[in-house]
Amino acid sequence: MGKLSNFVGKRSNWSIPYAVFLIIFVALPLVLIMGYAFVDEGGGFTLNNISRFFSDSDALSTFAVSIEIALETTAICLLLGYPVAWLLANSKYNSSSVTIIIFILPMWINALMRTLATADLFNMLGITLGKGTLLFGMVYDYLPFMIYPIYNVLRRMDPSYAEAAQDLGAKPSTVFANVTLPLSLPGITSGIMMVFMPTVSTFAISEFLTNNKIKLFGTIIQENINSSMWNYGAALSFIMLIIIGLTSLLTGGNEEEHSAQGGLI
Amino acid sequence: MNKDNIIISIDHVSKWFGDKRVLDDISLNIKKGEFVTILGPSGCGKTTTLRIIAGFETPDEGSIYIDGELMNKVQPHKRPVNTVFQRYALFPHLNVFDNIAFGLKLQGVAKDEIEKRVMRVLKMVGMTDYEWRDVDSLSGGQQQRVAIARAIVNRPAVLLLDEPLSALDHKMRKDMQIELKQMHKQLGITFVYVTHDQEEALTLSDTVVVMNHGVIQQIGSPTDIYNEPVNCFVADFIGESNIFNAIMVEDRKVSFMDHEFECVDEGFGENVPVDVVVRPEDIYIMPKTDKGQFDGVVSSCIFKGVHYEIIVNTPDGYELMIQDYNPFEVGMEVSMIIKPTDIQVMKKERICNTFEGEMIDDTHVEILDCEFECLKQEGISAGDKVLVEVDFDKVELTDDKRDGTCEGDIRFILYKADHYQLSVRALNREYIYVDTQDVWEDRDIVGINIRPEDMRIKLKEAKSQA
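Protein sequence lines correspond, in order, to chains A and B.
Residue numbering for the first sequence follows our numbering, starting at 1 and increasing by one per position.
Residue numbering for the second sequence follows our numbering, starting at 1 and increasing by one per position.
Hint data in this document are derived by calculation from the structure and do not stem from the laboratory.
Where a beta carbon is used, it is the ideal one built from N, C-alpha and C, also for glycine.
Heads up, a few of these hints could be off.
As the list claims (entries may be wrong) - Looking from chain B toward chain A, a few residues come up when the C-beta cut is under 8 Å (computed):
#, residue
1, N72
2, P76
3, A89
4, G103
5, L106
What the hints assert, rightly or not - In silico DSS-like pairs for lysine-lysine, Cα to Cα no more than 25 Å straight-line:
#, chain 1, residue 1, chain 2, residue 2
6, A, K171, B, K20
7, B, K105, A, K92
8, A, K171, B, K105
9, A, K171, B, K111
Unchecked claim - Computed Cβ-Cβ distance ranges for the label pairs, DEER-style:
#, chain 1, residue 1, chain 2, residue 2, range
10, A, P106, B, K105, 37 to 45 Å
11, A, N90, B, D444, 33 to 41 Å
12, B, F17, A, P106, 55 to 63 Å
13, B, D409, A, A27, 56 to 64 Å
14, A, T128, B, T58, 21 to 29 Å
The shape of chain A in the complex, shown without the other chains (with noise of 0.2 Å):
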């Protein structure tokens, strides 16, 4: 009983599921992942599935298409996403911190659900689903990400910056533009962190809102797995792990930015 207490009583010891969890379910799949990555069919060490990927137009071509929805959704989520986050930041046009509520609701409900629907709405009012579609979907999906880490990084934002830009002689949109805009830059790479990594990776939402008409990366990745293509899947999923590494470490991973993401739903 002494000891079990003591076992239970020491705080480092709490950790220990929480490791068990990460090496069961992060740090083995990655492995696994490497070593199908990079082995054949017999097991042998190659690197013949890397270099499949860079001969194989369809691989390639989808890998792009990818990429480009990614970004059009990354930035359209940040063209509509900053100014609403700007109005809900500032108290002259939002003084309640319920209203932020709003914009994050959707996220209560499943994302496969939300997706399911809106691709019956579309259906319901003859709306053809193709690339259109499915850029809706995805920024309706991620555009909350993007709305609360610059919303967080605002409104924390001390106002007598702005005052004192104003003070010093700038007009209001060149207090934005020098003074505000810059000093909210931690939120808007979090954002587009936050809204890049998962809709690049995604295959759920174009297989809904496309009929599978436009494929992802995600998709290949997910039909290679299903037909039991195990080390090509693999091999494509290691090269999305480092797309996605590359874009944690291009919007530079500061101190400010996990403060802001911070919270989020």
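For chain A, the structure is supplied; the task is to place chain B on it using the hints.
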């Protein structure tokens, strides 16, 4: 008044935040090149006044003129003023040089000219060689200097400073005070400085504006404010003071501490209640002698560096603070003299509490948004608007707010030699003034009781006869 010489004119300005009136009919003229300090406790409206000059707030009533032009609707970026913010507000994404050059770049000043001017102000604030530093890497004092440089590089007609030294330590603050004063002389522009530190205000300013509860209490030179405060608040807020309830017996004769004193004030009338303030250094203390005006016993004597601070109790129960270069032993019998010119007589702002209220029924009246019991009044019936008068010493305070008919918090404590006068703010933001022997603490939440027989109730206006 010479209009040409006035750079800022605040004309009957009032401002509300919600239903709270933060500025109450402020009028103030600031001369060109003057160093004006707006002084007052927190929440007195001094920062709001500054923000109205800068343009971050607009007056709800009244007008503000800068250089003769109406500014009410002019946006901050079009006003010829620059501000040094309380927390500096240096742009964290720009280095020292770009922070200071911010305003000049917006004006489209040529590049080499910008460089020249930035270097010149950096030299002026003693920050040469810091131009490429990150602002976050600077100490508080250095950030302060950059903030001042960023404001003065634009050569504004008026420099506004919002408690600029409050974040610095004592020594640093003293040094910066001297530098600010020199800068003011060198630049020749108008400084409007907001502070709650009375010593800072007296040291720096040509003119001090004392504010409290959104009202200007007094405008004057530091010596005027110190030597001739217009009311108890100013006397107590600026420096140390002994404040007495007194009776102006006749011209040049005032009675307090149960003694009659000669003074130099005239025109108050005869036998009129007044307040009297005597500064601690203006009471002459000596070992007991026949030549003193009154006697007392030393109850404490503390060395304060330059002088001793001596507390003396008189046989009539008054307590005086006296400053003298010589120590006096505790328990020693002493005599005191106050010279006529050192007695400052002030008109009493009020001689009793007056509340506007309404009769609820024959024996209840509503004042301060609370229902108080009262005596049955002849000729006054339910629903009548009334005025209720209560003497200061007839208001009872309770420790537990639930024991009171009404709730309030203590906002200001004034020691008047033999009792305290408290300003208590009720929940409806009206003030009740209370004379008490008990010791209370600032910001205490208290209950307020008034006995029915201590209320004097009269009709607010005679009912019109149908």
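Going by Cβ atoms only, is B:P76 closer than 8 Å to chain A?
holds, 5 Å
Next pair to validate is A:K171 with B:K20; report whether the Cα-Cα distance is within 25 Å.
At roughly 30 Å apart (the allowed maximum being 25 Å), B:K20 and A:K171 break the hint.
Restraint: B:A89 near chain A, CB-CB cut 8 Å. Satisfied or not?
Hint on B:A89: holds, closest Cβ of chain A at ~4 Å, below 8 Å.
With 21 to 29 Å as the target window, see if A:T128 and B:T58 comply at their CB atoms.
Violated, since A:T128 and B:T58 (Cβ atoms, about 54 Å apart) do not stay within the stated range.
Has the given pair, A:K171 with B:K105, been kept, meaning a C-alpha gap of at most 25 Å?
The given pair, whose Cα atoms are some 13 Å apart, holds under the 25 Å limit.
Determine whether the Cβ-Cβ distance between B:D409 and A:A27 falls within the hinted range of 56 to 64 Å.
holds, 59 Å
Straight-line Cα separation of B:K105 and A:K92 no greater than 25 Å?
violated, 29 Å
A:P106 and B:K105, beta-carbon distance inside 37 to 45 Å?
Hint holds: Cβ distance 43 Å, inside 37 to 45 Å.
Can you verify the interface hint for B:N72: is its Cβ closer than 8 Å to any Cβ in chain A?
violated, 17 Å
Can you confirm whether the C-alpha distance between A:K171 and B:K111 stays at or below 25 Å?
holds, 21 Å
Beta-carbon spacing of A:N90 to B:D444 - inside the hinted bounds 33 to 41 Å or not
holds, 38 Å
Does B:G103 pass the interface hint, meaning its C-beta sits closer than 8 Å to a C-beta of chain A?
holds, 4 Å
In terms of the numbered hints stated before, the structure departs from hints 1, 6, 7, 12 and 14, listed from lowest to highest.
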